[in-house]
Amino acid sequence: MLTTNSDGGSRGNPGPGAIGVIVRNEGTILSKYSGFIGRNVTNNMAEYEALIMALRMAIRHGKKVSCILDSELVVKQLLGEYKVRDKKLLPLFLKVQKLQENFDEIIYKHISREDQFQTMADELVNEELDSNGFKQHWRK
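Quick note, the sequence shown lines up with residues 1 to 140 if you use our numbering.
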């Protein structure tokens, strides 16, 4: 089974947003992606956009995927535990639903940001925002 780690973030919420994605098979990274997604993006929108990219990338490698995210909200919405109340998130939620049709098996899992691969996805987000001129004035 493939595993994706995806992360999205914005500086300002809403503000400039970016995504980072890692697709892997066990510990072997198959592909990475980072991208700037806009200037008026919420953190939750960015998390969905990152997952959408992760699913698009994963389909090239297999039909079974475990999607790891550090957004508890997105995971719980996809598992049906929370309703999608934000009108800006609904179209993104529906895109994910449509992309799911490409897989035989899909698992969504919330994980802490301290996970090695989740940290890498987060670093991709921050590097993308920095390189687009949205420097973070502080770091952990």
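It cannot be assumed that every hint is accurate.
As the list claims (entries may be wrong) - Label-pair distances were calculated between CB atoms; the ranges are:
1) Lys-63 x Gln-136: 32 to 42 Å
2) Ile-59 x Gln-136: 17 to 27 Å
3) Arg-56 x Lys-109: 10 to 20 Å
Keep in mind the hints are simulated off the structure, nothing from the lab. Virtual Cβ for every residue (Gly too), placed ideally from N, Cα, C.
Results of checking the hints against the structure:
1. Lys-63 x Gln-136: 32 to 42 Å: Cβ of Lys-63 to Cβ of Gln-136: about 38 Å, so the range 32 to 42 Å holds.
2. Ile-59 x Gln-136: 17 to 27 Å: With a Cβ separation near 32 Å, Ile-59 and Gln-136 fall outside 17 to 27 Å, so the hint is violated.
3. Arg-56 x Lys-109: 10 to 20 Å: Roughly 19 Å apart at Cβ, these two residues keep to the hinted range, so it holds.
Going down the numbered hints, you'll see the structure goes against just number 2.
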